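Number of protein chains: 2
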Amino acid sequence: MTKEEIIAAKIRELKSFSGSHSPSIETVLQLIPEIEMKIDACFLSNPYATELFLNNLQEQIISKGHLRKMLEYYPPQNRDIGKFIQTFTNISAENIFVGNGAIEIIQAILHQFAERNVAVPIPTFSSYYEFLRQDCVLHTYLLSKDNDMALDLYKYTQFISDRKVDTAIIINPSNPTAEYITQQNIIDFLDNNKHLKNIILDISFVHFAYENEQYDYINYEQLIYQYPNLILVKSMSKDFGIAGVRAGYAIMSADRVTTLLDNGYLWNSSGMAAYFFKLLSQKSFQVDYEVIRKKYIAEARMFYESLKANKSVQVLPSKSNFALVELPSHINSFDFTIEMLTKYHIYVRDCSDKIGLKGNYVRIASRSEAENEKIVSALSLITNSF
Amino acid sequence: MTKEEIIAAKIRELKSFSGSHSPSIETVLQLIPEIEMKIDACFLSNPYATELFLNNLQEQIISKGHLRKMLEYYPPQNRDIGKFIQTFTNISAENIFVGNGAIEIIQAILHQFAERNVAVPIPTFSSYYEFLRQDCVLHTYLLSKDNDMALDLYKYTQFISDRKVDTAIIINPSNPTAEYITQQNIIDFLDNNKHLKNIILDISFVHFAYENEQYDYINYEQLIYQYPNLILVKSMSKDFGIAGVRAGYAIMSADRVTTLLDNGYLWNSSGMAAYFFKLLSQKSFQVDYEVIRKKYIAEARMFYESLKANKSVQVLPSKSNFALVELPSHINSFDFTIEMLTKYHIYVRDCSDKIGLKGNYVRIASRSEAENEKIVSALSLITNSF
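Chain order of the listed sequences is A and B. The numbering of the first sequence is this note's numbering, which starts it at 346 and goes up by one. The numbering of the second sequence is this note's numbering, which starts it at 346 and goes up by one.
If you're looking for bench data, these hints aren't it; they were derived computationally from the structure. In this text, all values refer to a predicted model and were calculated from it rather than measured experimentally. By construction, the Cβ of each residue, glycine as well, lies at the ideal position given by its N, Cα and C atoms. Keep in mind that the hints are not guaranteed to be accurate.
Claimed, not checked - Listed below are several chain B residues computed to face chain A (Cβ distance under 8 Å; list not exhaustive): (1) Phe388; (2) Tyr418; (3) Ala599.
Claimed, not checked - Using 27 Å as the maximum straight-line C-alpha spacing, the simulated DSS-like pairs for lysine-lysine come out as follows: (4) B:Lys539 / A:Lys414; (5) B:Lys719 / A:Lys428; (6) B:Lys409 / B:Lys539; (7) A:Lys628 / A:Lys383; (8) B:Lys490 / B:Lys542; (9) B:Lys360 / B:Lys719; (10) A:Lys414 / B:Lys500; (11) A:Lys355 / B:Lys428.
Claimed, not checked - Residues of chain B placed beyond 12 Å of chain A at every Cβ, according to the derived structure: (12) Gln403; (13) Gln431; (14) Ile451; (15) Phe476; (16) Arg478; (17) Gln479; (18) Gln503; (19) Gln571; (20) Ser582; (21) Thr604; (22) Trp612; (23) Glu635; (24) Glu671.
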């Protein structure tokens, strides 16, 4: 076997153990030392934000000798961390549930609040169906290729009504399609679905979306005061580039937060996550972050335009920090992924395991400007050579 | 109000918000800046182990520039971290469930596996009853003061049978009584209760227990192969002094692990926790740790003897790293706690909120040798002056 074939076989084996999620890149690199990865374009995060966090951690914690305290002592409890989140969301702490990453939140709300019939547009982030209780019925609403995989909220509302759904899920911007639905359209949907028990709106990618040319932040948080059935889910792994910290929060009615906390989740944030949320409540950090958020959006937009310029592939509309790319029918997406990795040392997400997504799709994240240029060039070289 | 009264009022207020758990010391110190705490004898951990962990973290991660990778990328998934735990427990990874602290594990197993009737000796660690599902019935088995709060396993077995219990809980060594039940007695209990659906044995403090004068580690892990209804719960916060990392594991039948993972818990460990478990699988770390584990036990034993020498208090038998101390009836335990904190800057755990514990009890942890001397001396000064 060639080195390339060995790597492909090993990755295939790893994937079979990891279920519908990609194996973590840590695991891939550790178990397949043959791989030399230079650009991780599978990982959907703002790399400039990671840097900003690390600089603050170095300055405020490590260089001041506070790391021991952070690792040794019990971190603040859920409600105390909620107070940090209150200061930057302007949402009362009683409406905030802090999670050990968004995945814990998804699990918690599905287990506690979904009644019986749950609707989710597919393809989607797999945790939304995998973590459903066994006594729930999953109603998948299949997005159509003919319509660029866009979610038509009127048809979705009809589907919800037909299926007697109590809990509806929307990811906006969507993962993996990257589609962004405007706030006005979401509000119309909320108005038309006030009778539902729960509307779960995952806004984990909203820091990368925009509705004007200034890329101003689109505030969905305040909507929970108008729509008591709305539950907002927010990962911090993407916009702040800190997946290893495990941090997320949800915003919902106060009684739901109380129900969750009565079931546990007392000390579910690490000292590092508590520090991150504390940092986020600092005005100066907010200002610094806002600059790099907009810088990253601008670069992601350029990246998207460059991808679209490649006429051998179909790039779905994106107002997020990644794009879903359909390869020409003669290029298998898994083979493409291996070619990118072994020849160009770029790791992209093969989407062949995504339920509801038929075709040769790969998901490619926007990284730093220099890295994006290499990704675009590798894509061209491969699509021209296959 | 005097400074002491202000602090007392503020602590009382904090406690009322924190439920039956002490407010975290981070929260106490942050919200009550008047407090100058020098010794945290509420916190049940081996401080030498914290140091050992920090030294390794510095050497293997921080100084090598690997911190960014740890915080930026998704950590390994649950089953992959289980493989690290496999190497130091000699338990197959398929029997290991990794938790974001023991509290997450307690919540997960109670929610998934408790059928209806759950027995727990009280006083206990409050998560064991607080996180019970609402459709479960809690059967509290009250420990008796006449018997030094010892758990009589034959009477407990009778109680379990009378109440038609399906899930029985034992913490060994116990929290908060510090009693250690020998392994042979636990085995007899397991033999007499094979018909139960679940026996949850919390061994979070077992690294501080001993059955011989060499303080050799007492291995409970292997028992799960003989007793399929046994679930072992293990916090890492105490023995390794890293509560802020949030790390724990449980050992149980492979089908139970699969059931839990089918419900979520995919990325529930942070990068820091993953590193900790990886470190634990290193032979050289294990050797270093074993030395300080025994050193700490020896010091805790000396501390326990010194506490017992104070004849104004009753010290319950302890083979753990703390002691439950009954103050004379004229000294209120909360007032004592405040006096220790404001006059001697020592924080001890007031147990007046512990259900099933009537009397003026405080729980005092063994810290470093020098700190222990100060704790013993402050205790004498206060009990003589009241």
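Original post:
Going through the earlier hints one by one, which of them does the structure break, listed in rising order?
Top reply: 3, 4, 5, 6, 7, 8, 10, 12, 14, 15, 16, 17, 20, 21, 22
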